[in-house]
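Same order as they appear, the protein sequences are chains X and Z. Terminal number for the first sequence in this note's numbering: 177, no gaps in between. Terminal number for the second sequence in this note's numbering: 181, no gaps in between.
Mixed in with the good hints, there may be bad ones.
Restraint-style ranges between C-beta atoms, simulated for each label pair [claimed, not checked]:
{"no.": "1", "chain 1": "Z", "residue 1": "R67", "chain 2": "X", "residue 2": "T130", "range": "50 to 58 angstroms"}
{"no.": "2", "chain 1": "X", "residue 1": "A31", "chain 2": "Z", "residue 2": "D48", "range": "15 to 23 angstroms"}
{"no.": "3", "chain 1": "X", "residue 1": "R133", "chain 2": "Z", "residue 2": "A124", "range": "51 to 59 angstroms"}
{"no.": "4", "chain 1": "Z", "residue 1": "A72", "chain 2": "X", "residue 2": "A126", "range": "40 to 48 angstroms"}
{"no.": "5", "chain 1": "X", "residue 1": "Q132", "chain 2": "Z", "residue 2": "P116", "range": "50 to 58 angstroms"}
{"no.": "6", "chain 1": "X", "residue 1": "R121", "chain 2": "Z", "residue 2": "K63", "range": "15 to 23 angstroms"}
{"no.": "7", "chain 1": "X", "residue 1": "Q132", "chain 2": "Z", "residue 2": "K63", "range": "25 to 33 angstroms"}
{"no.": "8", "chain 1": "X", "residue 1": "K129", "chain 2": "Z", "residue 2": "D48", "range": "19 to 27 angstroms"}
From the derived model, a few chain X residues whose C-beta atoms are all more than 12 angstroms from chain Z [as the list claims (entries may be wrong)]:
{"no.": "9", "residue": "N2"}
{"no.": "10", "residue": "T30"}
{"no.": "11", "residue": "K100"}
{"no.": "12", "residue": "D103"}
{"no.": "13", "residue": "H104"}
{"no.": "14", "residue": "L105"}
Hints were generated in silico from the structure; no laboratory data involved. Since this is a predicted model, take the numbers as computed values, not measurements. All C-beta atoms in this analysis are idealised placements derived from N, C-alpha and C, irrespective of residue type, glycine included.
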Amino acid sequence: MNRRVTRIDELARDIPPPRDLWPAIHAGITAAGTGVPQATRRRGAWLPAAGLAAGVALVAIGVLIGRNIAPQAAPVVTAAQPATDSGMVPAALRDAEYRKQRDHLLVEVQDRLQGMPEAEREKVSASLKTLQRSIQEIEAALGRDPANALLQELLVSSCQEEMRALTAVRDTGRQEI
Amino acid sequence: MKPDTVVEFDVALIERARRGDAKAFERLYRDHVGRVHGLCLRMTRNPDLAADCCQDAFIKAWKALPRFEARASFSTWLHRIAVNTVLEKRRSPSNSELAVEDPGEYQEPVLTFDTPVEEEELEAAIASLPQGARDALVLCGVYGYEHSEAASMLGIAVGTCKAQLHRARGLLKDRLERGVR
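Modelling step: build the complete structure from the supplied sequences, incorporating the hints.
Below is the structure:
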């Protein structure tokens with residue numbers, strides 16, 4: 001039905017295009033690259049190498065979980081681990097176990113934070129939030145580009161950093177007790 | 001530009017898109033494409049060319065995102081890119097079609113009609129206007145830009161924009177009275 005108007009600014013401002021332009025735009029921006037600094041984009045050149053590193057690092061996080069996150073032991077990553085670990089836990093299970101451990105650790109850390117002086121609590125909380133934000137950003141990027149080995153590697157190393165930090169916070173409390 | 005184009009949610013999406021997040025840029029595209037395409041269509045009068053201009057405008061916007069200042073309205077910035085894209089696509093630029101008249105003479109950009117007009121008829125009348133007059137009418141009349149903003153987008157003097165709008169109003173009324181088609 002044809003609408004009637006009495007003012008020109010009553011005309012619809014939005015007129016959707018007859019077809020979805022996004023696929024062509026997406027192809028265009030992918031081909032053109034982004035406004036993101038060149039250094040960031042050049043990383044793609046060494047993605048195959050990063051893929052290998054990510055594979056090793058993924059095992060490292062499994063080791064970290066397997067050791068029940070010993071606070072003094074930062075996980076050691078060696079190239080031999082993937083080949084010798086024939087009974088490797090499937091990634092999904094490993095991920096579920098990691099999340100379970102992390103959730104448990106977070107509860108302990110929250111308790112520990114409550115007992116800290118305010119200034120110290122704020123400092124520690126801010127650091128943990130920064131780590132968590134980084135992880136969320138990497139996860140979001142991986143959601144868009146799941147095969148990106150560099151991002152996989154970054155995610156694993158960031159998760160390790162977070163676990164180390166959480167463990168350190170928890171154990172600081174234990175030592176004081 | 002009217003404040004309805006300022007969407008706080010855009011800020012987060014823009015920030016993500018600036019870091020190379022294509023999904024965030026897609027959201028921006030979905031939110032803004034109707035308005036950008038409407039602007040291109042009214043300026044070009046050609047559906048295929050309008051779609052091309054709209055597409056190019058978003059690609060240019062992606063490339064230019066690092067230079068976008070968060071204080072500005074994303075919508076206005078995007079429209080500026082779209083207008084530039086349309087102007088580039090035209091073989092002969094339409095500016096300076098009219099001599100500059102008294103800039104203070106035409107202050108009311110909103111064009112009203114004594115009797116209601118069918119949208120389709122009005123769109124056809126706008127499409128029939130000369131290029132320069134149509135551009136000024138679309139930007140100021142339909143999209144609510146101030147003369148200074150529209151003039152800046154079109155690369156013409158403010159006085160020229162006002163004169164073009166005045167011309168557009170006269171022609172539009174005349175064509176609506178006569179019946180455009």
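Now the hints, each set against the structure:
no.: 1; hint: Z:R67 <-> X:T130: 50 to 58 angstroms; in the structure: violated, 27 angstroms
no.: 2; hint: X:A31 <-> Z:D48: 15 to 23 angstroms; in the structure: holds, 21 angstroms
no.: 3; hint: X:R133 <-> Z:A124: 51 to 59 angstroms; in the structure: holds, 53 angstroms
no.: 4; hint: Z:A72 <-> X:A126: 40 to 48 angstroms; in the structure: violated, 31 angstroms
no.: 5; hint: X:Q132 <-> Z:P116: 50 to 58 angstroms; in the structure: holds, 57 angstroms
no.: 6; hint: X:R121 <-> Z:K63: 15 to 23 angstroms; in the structure: violated, 44 angstroms
no.: 7; hint: X:Q132 <-> Z:K63: 25 to 33 angstroms; in the structure: holds, 32 angstroms
no.: 8; hint: X:K129 <-> Z:D48: 19 to 27 angstroms; in the structure: violated, 50 angstroms
no.: 9; hint: N2; in the structure: violated, 5 angstroms
no.: 10; hint: T30; in the structure: violated, 8 angstroms
no.: 11; hint: K100; in the structure: holds, 29 angstroms
no.: 12; hint: D103; in the structure: holds, 27 angstroms
no.: 13; hint: H104; in the structure: holds, 31 angstroms
no.: 14; hint: L105; in the structure: holds, 29 angstroms
Of the numbered hints given earlier, the model fails hints 1, 4, 6, 8, 9, 10; all others are met.
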